[in-house]
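Participant: Listed below, chain by chain, are the residues.
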Amino acid sequence: VSARVVTVDRNTRPGVFPILFGMWVTLQNFVRTLVLRQASTIEFPEKKRNTSGRYRGVHLLTVREDGTPKCVACYMCATVCPAECIYIEAGERPEATIEKYPTRFEIDLLRCVYCGFCVDACPEEAIMMSRENDLVGTTRAELIIDRDRLMERAKLAEYGPGYRPSEHDVRRPVRIAALERLKAEHGIVPGMPTRR
Amino acid sequence: MPKCTIDGKEIEVPPGTTVLKAALDHGIHIQHFCWHPDLPIDGNCRTCMVEIEKMPRVQIACNTVVTEGMVVRTDTEKAHAAQRSALELLLINHPIDCPVCDQAGECYLQDNYMRYGLHDSEVEPEDKVRKRKVQDLGPIMLDAERCVLCTRCVRFEETVTGTNCLEFRSRGDHKEIGTYKGEKITHGYAGNLADLCPVGALLSHDFRFKMRVWFLKSHDSICPGCSTGCNLEVDERDGEVQRYRPRRNPDVNKSWICDLGRYSYKEVGATTRVTGARRKGAASWEGVSVAGALDVVAETLKEAGSASAFLASPQGSNEDLWAFKALAEATGGLLDFRVGDPQARLQKRSDDVLLREDRNPNTQGGLDLGLGRSGVAEILAACGRGAVRALVLQGPELLRLPEAVDALAKVPFIAVMATHEGPELDRAHVVLPAAVSVEDEGTFTNYARRVQRFRRAVPAPGDAQPRWEMAGGLLTRLGKPLGAASPREIFGLLAKSVAGYAGLDYKAIGALGRAIEEAGLAPTPEARA
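Protein chains in written order, with my numbering: chain Y, 1 to 196; chain F, 197 to 725.
Think about it this way: if two alpha-carbon atoms lie no more than 20 Å apart in a straight line, the pair counts; the simulated DMTMM-like pairs of lysine to aspartate or glutamate are:
1) Y:Lys47 to Y:Asp134
2) F:Lys406 to Y:Glu92
3) F:Lys413 to F:Asp402
4) F:Lys274 to F:Glu247
5) F:Lys413 to F:Asp307
6) F:Lys371 to F:Glu322
7) F:Lys324 to Y:Glu95
8) F:Lys413 to Y:Glu84
9) F:Lys205 to Y:Glu185
10) F:Lys413 to F:Asp434
11) F:Lys406 to Y:Glu89
12) F:Lys462 to Y:Glu89
13) F:Lys406 to Y:Glu95
14) F:Lys377 to F:Glu363
15) F:Lys476 to F:Asp659
16) Y:Lys183 to F:Asp271
17) F:Lys329 to Y:Glu95
18) Y:Lys183 to F:Asp316
19) F:Lys406 to Y:Glu84
20) F:Lys462 to F:Glu436
21) F:Lys377 to F:Asp332
22) Y:Lys183 to F:Asp307
23) Y:Lys183 to F:Asp203
24) F:Lys406 to F:Glu436
25) F:Lys406 to F:Asp455
26) F:Lys406 to Y:Glu106
I should point out that these hints are in silico values taken from the structure, not numbers from a laboratory. None of the values given here were measured: they were computed from a predicted structure.
Bound-form chain Y, shown alone (with noise of 0.2 Å):
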């Protein structure tokens, strides 16, 4: 194996230019940022970067109009969730076509990854998440959210709506995956719906 072998001399000397070189890109750069304020790096947090609609950042629980929340503690998001960080118990409303809500509903934000899965899984429209991603706390603790601070929405109309289920339709997809699994493995092709 031959090495290539570059040999400099360090005797020549470079000579002002590339020093006036360097300070032209200097010069560039400092009339660029602080003249014409076309600086990538912005003045966080007094301003935010704008993020996409379907921004995928601290989740919320959608409320009802008398305030209790829309879940129905179906245990979907906890299910589907990767990360394991959804944890939920449920109680009974009074209303019998109701019948179950979360009576504690927490997200450990921390263990979080910020799929969007709860998001897809949710059959009531009552998780979603929002563009709020400056999440700071001083302890862990701080970081796990109960039902109560999920339905607070004081932050929405700052950071706007992120990723919720109104983007597409999540269930089609779904349903086509499982007729395909049925043909595929029972060799089963039920009638797929033939209007009369």
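Fit chain F to the given chain Y structure using the hints.
Facilitator: Chain F in isolation, oriented as in the chain Y frame:
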């Protein structure tokens, strides 16, 4: 034995077998709702449609008896169409409230829809017939809307308990299940209604909203509640028992268990469990390690020698009893287990379904293993005379006996293995924390001399140990080791010397147990229906 062909598979079945049972027994699934292996056939749900050669129309598999040379197809286009439309009919008025329904995950409608249905509903949710939801029937919550009118519950009430609590009213779309004037169900087998309901119409009040079933892991076990020895499924999550369900065993409990047994799961995770060993100090109890407590007991037993007595517990498994017997024999002390004469009630029924008056799971095992030796009265008399210097109890039964208090006061050293705290433990000098059956593995022998195996479902709390392990620890300390380090090995030793158990091992016992047949001890017929 008629032979038939189902989906191209040649099957030979006993005469009188129905097509559905034949198919299910041979791994061919046909959807069904009203058919239940332990209930009379009704044939009302019409979902188990199959095509039978030479029959012009599709037939229900559940009520068609297999005849010689019958050719059945479950997978033709015609059969599928019939199965699908029957399922669609059941779903017409079904509220799709799976998110709040506890049955989700073990629901026949969900499972069958995913396999046989997958149609788009043509009924808007607003057009569905509404019925009464959330009706409290005591141990059961009734949601009439979810009901598919399969009458499983009605047939259960009719043939198993004979209580006839549930009936239908109204007709057509408005037909709904309910009790007379919404009265509560009070019989002791109500929990089975939630198990046998294929949908979420009848749900257990106790389990309601507690857990989604897909988080649970099931383990085979045996109910420790009475001498019947019903087969159980222990459902656990993260080491915490969430519920007991009956495990089907046609020879013992069919598909049922009593509510006493069902709700006894609460005792496993109770706050009153004994979680650590302790000994009586000068003024009060002192906590010690289990090994430390066993050292004390072994030391005392060495000193006492044959001036000791041992009382086994019919709550213990055969393995526990065997190890305890070895301990008694190593010391040469008195030995018995029949506190309160459980053997007299062993066969007696408490009701005419399953429950028996002997509330110990293993009295027969104690008798078989020869632990009924000195007699409890004899031991108590010896205690009263001051002839017993060390008494080792495998369970706290004797401490609870009022007539034993005086005699026990004369014993200078009492060690007890206990699972739960109680005032009676104050009469002992050393308390050892014992595991309950779902925290250990082993075998019970039921009233009909059927040896049945249970497996470990959850870890024991704190320092609690299986009783055989503590007896084994004492034997090692006495210099006469047991020679077995697991229940399986102990059973191997036991099978070598106990009459009737010869040739048995855990594999031979299997999932459904093995009856020991002996002249004069024929198993009595089990639950009605």
